[in-house]
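Take 177 as the starting number for the sequence shown in my numbering and just add one per residue.
What the hints contain is simulated information worked out from the structure, not anything from laboratory work. Here the structure is a predicted model, which means the values were calculated and not measured. Honestly, I wouldn't trust all of these hints.
[What the hints assert, rightly or not] Calculated lysine-lysine pairs in the PhoX-like style (CA-CA distance at most 20 Å, straight line):
hint, residue 1, residue 2
1, Lys186, Lys211
2, Lys197, Lys211
3, Lys197, Lys186
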Amino acid sequence: MVFSCILCEKETCYITNLCDKCRRVKHLINLYDHKVYDVLEDVLVRGNKGITNKCKKKLEQEKDDLEIQLEATESAK
């Protein structure tokens with residue numbers, strides 16, 4: 177029988193419930209317990225500070241782009 181991995185739901189599994197990558201993740205969780213969750217949260221999940229920082233950078237970039245467009249428009253006159 178062919179099954180999908182129960183964790184990622186992408187890989188095909190023939191004998192086990194988990195694909196090789198997910199089995200590795202499970203092994204790491206068994207070894208390091210809550211450290212794995214902490215690392216995932218710290219590295220992959222963006223907190224409020226990171227979201228605010230990204231919004232500020234995006235606004236600054238848009239402001240710079242608008243200033244460049246304005247300067248190009250004024251110089252074309």
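Hint-by-hint comparison with the structure:
1. Only pairs whose Cα atoms come within 20 Å are accepted, and Lys186 paired with Lys211 is rejected, the gap being roughly 26 Å.
2. A distance of roughly 18 Å separates the Cα atoms of Lys197 and Lys211; the hinted pair therefore holds under the 20 Å criterion.
3. This hinted pair checks out: Lys197 and Lys186 have alpha carbons roughly 11 Å apart, not beyond 20 Å.
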